[in-house]
Structures are given as C-alpha cells and as structure tokens.
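A.B. asks: Now for the letters of each chain:
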Amino acid sequence: MIRVFRLLSAFLALFAIALPAAAQNEVTERFSRTSHLDQDGTFDLTNVYGTIVLTGGTGRDVMIEAVKRVQRPNANAARALLRMIDIQVTEGANRIEVRTSVPRPRNFPGSVDYMITLPQDARVTVRTVSGDIRATNVRGELLKSVSGDIEIVDGSSDDVVTASTVSGNVSVRGLKGRTTQLTTVTGNVRVDDVQADRLAVRAVNGNIEYAGDLARSGRYEFVTHSGDIRLMLSGATGFEVQANSMSGTVRSDFPIARRSEEGAEGRRGGVTPRGLRGAFGDASAMLVLRAFSGNISVGRR
Amino acid sequence: MCETYDDLIDDYIDGTRAADHPGDARRAAFESHLAGCTRCQAVVEDFTSIRRMASALEEHVPPPRLWAKIAGTIEEKPRRISAWIPIAAAASLALAIAGSTWLAWMKSPADTLRQVTATVEEPSEAPAETQYEQAIAGLQQLADARNASLDPNTRAVLQRNLAAVDRAIDESRAALSDEPASAFAQESLFDALDTKIALLQDTVALTAEDVNQ
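Protein chains in written order, with the numbering used here: chain A, 5 to 305; chain B, 1066 to 1278.
Among the hints, erroneous ones may be present.
[Unchecked claim] Stretch by stretch, here's where chain A covers chain B in the computed footprint (C-beta under 8 Å, at least three residues): (1) 1067-1075; (2) 1101-1109; (3) 1212-1219; (4) 1223-1229; (5) 1247-1258; (6) 1263-1273.
[Claimed, not checked] According to the in silico footprint, chain B covers these stretches of chain A (three or more CB under 8 Å from chain B): (7) 226-234; (8) 294-303.
[As the list claims (entries may be wrong)] Which chain A residues face chain B? A few, computed with CB under 10 Å, are given here: (9) Y53; (10) V57; (11) A82; (12) F112; (13) V150; (14) T190; (15) N209; (16) S249.
These are calculated hints, taken from the structure and not from any lab test.
In this text, a Cβ means the ideal position worked out from N, Cα and C, and glycines have one as well.
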C-alpha cells in the first residue's frame, strides 16, 4: 500500500513539474561588459544556473557577454523575474569579479549563460551550481560545478589546475599544466594528450580514461571505486606501475617487469586484490592505479 | 516604480506583513501598491506557486541504518592500521576542521559554531576512522541544518552522490572487515571518507555562499 502511495506521489510530482513546462514563455536579456586585465590578472566568476564558456585570447580585454533567461507560463511574471537576476562586475587591483545573484526561492526558474573572452594568461576561478563549464586556451586554476560537465581544451598553467564536479563528466584535452587535479563523484573523466608533471584523477562511480604520452618523472594517480580505469599510452616513456583492483581485473599490453606475480599485496585470506606492480622501460614515470570493483587496463595507443 | 519594492517581495511571500512592523512606512506602501499592481501580483503568485511545488517534492531522510552503522563503528575496537594512515587522516581532519570552522565563523550562529567545533576540535588518539567520523558528523550537522536553503534539484544531486559515496564506504568497510590488514581496503576506505568530507564541505559552502542569495 505504501509502495503504491509512493508511486502515485512520484507520478503526481512529475505531472506537476511537467505541466508548467508544457506552456512556457521564455524571456531573455543580454548583458555586455568589457574590462581590462594586466599580465597575470585574476578573473573570478560565480554563477548559479547556466552554461559558462571561456575562451583565452592574446588581447588584454575581458569581454563578458551574458544572456539572462527566465521561463514561466506568464510572460509578465517572466519579465519581472528576469529583472531580479543581478550580474555584478567588480574591478580592482588587476582582478575582475563577476557575481550572479538570483532571489529566493531557491528553485528560481531562470539562468544566465556566459560567454567570456579573456587574456590567456589570466588566472581563472569559476564556480557554478548547475551548468556546464567549457574553457578553451585558458589558464584555469579552479573550475567547479555541482551538476554540470567540465571541459578543458588546450591552455597552459604553471599553477595547480583543479576541475571538480559532483555529478558531471570531466574532459581535458591538450592542457599543459604542472599539476592537474580532476574529480567527480558519479561522472566519468576523460583525459587526452595532456602534459602534466603530476596528474591526479578521482571518481567514485565513474570511469577514468587517459590517452597520450607520459612525462618523464611525471606522477599519475587514478583512483575510482566502482568505475574502470583505461590507459592508452604511446609507450615512448617508460613507467613504474602500481595497479590494484579488489574485485576487477588488471591487464597490461606492455611487458611489465613484475615485482609480485600475485599482485601488490599477494593472496591473503578471502580477499584477493588483483594487482600489478612492476616497471616498463626506464620506469621514469610513475603510475598509481586503484579501482575497488572496476577493471584496470593499460594498453597501447 | 515596481522595482523599488522587489526586495520586499521575498518577505511578503514568507508571510511578513506591514502589520507586523508598525512604523515601517515602506512596507505599508508596498502592500498598498501590491493591491493595484498586476505586475507585482503576478510575481507574488509565481513565487508562491514555485514554493508550493517545491514543498510537494519528497523530502530525503537518511536511512536509520546509516546512523546505526555510524554508532556501531564508533563503538568498535580500534583496528590495526598502518603508521602513516593516522597522519594522513589527521591532515585531512585538520583541513576539514579548518574548512567547517571557517564556514561556521563566517555564517552560522555562535551556538552552531560551538557545537561543530566541540565535535571535532580536540585531537585524540582515537583510530583514524573514528576521527574521520567525527569530522563527518560535524559537517553533516551543518549541512543538515542548512540543507533547506538549497534548491530541491541541487539538494537531490548532492544527496544522490552522498549515497554513492556511502555505498563506497560500506563496501570498503566490508572488505576491511574481511581482511583487516589489507592496505588496499584501508586506502579505499579513506579515499571514500575523503570524498565524503569534500562533498559535505561543498554542501555547506553552497548553503553559505552569496551565490545562492
């Protein structure tokens, strides 16, 4: 009986959400602002709902283009709500801060999509609650979303680059960073052709894929609980590997000079971590791979 | 003209009336204005319907077994653990304390701050996992207290992901129970606990930030 009631409640809730969506009026308003940043300036953006696209360029200007959107059945109400979305830009000491605020209630039916063009040497911090972040040729230091995907393409940084999302995917391609940290809980992570002295990738339920070369003396740490870890390496750089999975498989296409045939821990009792510990080539890079129940594979590209 | 009253609409929807604030002429003027303004009436109606819809959504409550499990863990005998693990745990704990204390300092009432710091501030010789649990309990308390200020969708996402992390913690604990000396199981457990602390810190930060105001 309780189950039937819960099912009925779920249907009613879905109906209540879907009904207003059927007859929505969307109203939009554009926001535009250009500011100046000197060398190594800081750009800091906070959004709530909406997509953020950042593109690094050679100029010194920061061009902020934004579109505020509200969807409501009543067009007049939508316009009134639209005016309540506030974008505040604060400039000072080679730093630009953009803050997006929406009024209560918390499930505000509006969003702001940003398109930002900025100097490629700018230090960038972007945080949003719900929305994707795409950064191209940007020196991103912190990109953070709760339920959006994060995509980083090209760009370089001597600082720590951190991309973190809770339920979204993380994709990084062509980034040159000294230290890069990528985290998600239930999303997947894909990394292609990056150059990093230290790369740390963590997921809980997601898969981790890495394709490209390894840096000599680089350290790569990939950890997931129930996802798979899949590396596709060119083999140009030798590496030492410590790979373990509690209940999945561990496989390498590279001839690994093993240190333990039974795995990093060997066989003990009822729990048998499957592992691989050894070296390929000159062992100049370090790979640490851990999956609790997922599979691990190190293949050739 | 209407926009000058926008900041009073929230309070009005919350039930605050001019009659509750004798002498507040602006609030009284707003209510007079509202009676004849279709634009403001539409905004109030829209916000009220949004609030009604939100309140109809299912409230997520942590399952009782979670609390029973935490209580059971705290009472467990200390496990054999590698020498480096308490150090790593202490470092994570210090970060958690710093983060939660800072957030509490910035935003929460004094009694909440005292409760949180009382839970986690005193270093002890308890096993690393217990220290993690203490840090998590402090953050969880803050997160629970402020969860209502998050929009339902974000709250649902965070709770779904916390549940995924809890499953990872449970599985790691089960593996460690089968093989107490397994460094791999220990690392998996602390990975999952680290993730839970980070996720709770994010939750607390989201409820505190001006971004949501």
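A.B. asks: Each hint needs a verdict: does it hold in this structure or not?
C.D. replies: Structure-based check of all given hints:
Coverage of a stretch by a chain is defined here by at least three residues with a beta carbon nearer than 8 Å to that chain's beta carbons; for the segment 1067-1075 of chain B and chain A the count is 5, and the condition holds. Counting residues of the segment 1101-1109 of chain B whose beta-carbon sits less than 8 Å from any beta-carbon of chain A gives 5, enough to reach three: the coverage restraint holds. Remark: the segment 1212-1219 of chain B is confirmed as covered by chain A, as 6 of its residues place a Cβ nearer than 8 Å to a Cβ of that chain, reaching the required three. Counting residues of the segment 1223-1229 of chain B whose beta carbon lies closer than 8 Å to any beta carbon of chain A gives 4, which meets the minimum of three for the stated coverage.
Only residues whose beta carbon comes within less than 8 Å of a beta carbon in chain A count, and the segment 1247-1258 of chain B has 8; three or more means the coverage holds. Coverage of the segment 1263-1273 of chain B by chain A holds. Counting CB-CB distances below 8 Å, 4 residues qualify, and the rule asks for three or more. Check on the segment 226-234 of chain A: 3 of its residues sit with their Cβ under 8 Å from a Cβ of chain B, so the three-residue criterion for coverage holds. Interface restraint, the segment 294-303 of chain A with chain B: holds (3 residues with C-beta to C-beta distance below 8 Å; minimum three).
With 10 Å as the threshold, the beta carbon of Y53 of chain A comes within range of chain B, its nearest partner Cβ sitting at about 9 Å, so the hint holds. With a cut of 10 Å, the hint placing V57 of chain A at the interface with chain B is violated, because the nearest CB-to-CB distance is about 19 Å. With a cut of 10 Å, the hint placing A82 of chain A at the interface with chain B holds, because the nearest CB-to-CB distance is about 8 Å. Taken as an interface hint, F112 of chain A checks out: its beta carbon lies about 7 Å from the nearest beta carbon of chain B, inside 10 Å.
Taking 10 Å as the C-beta contact cut-off toward chain B, the hint placing V150 of chain A at the interface holds, the least distance being around 6 Å. About 5 Å separates the beta-carbon of T190 of chain A from the nearest beta-carbon of chain B, less than 10 Å, and the hint is met. Annotation: interface hint on N209 of chain A holds; nearest CB of chain B at approximately 5 Å, less than 10 Å. Interface restraint check: S249 of chain A against chain B, minimum CB-CB distance 9 Å, threshold 10 Å, status holds.
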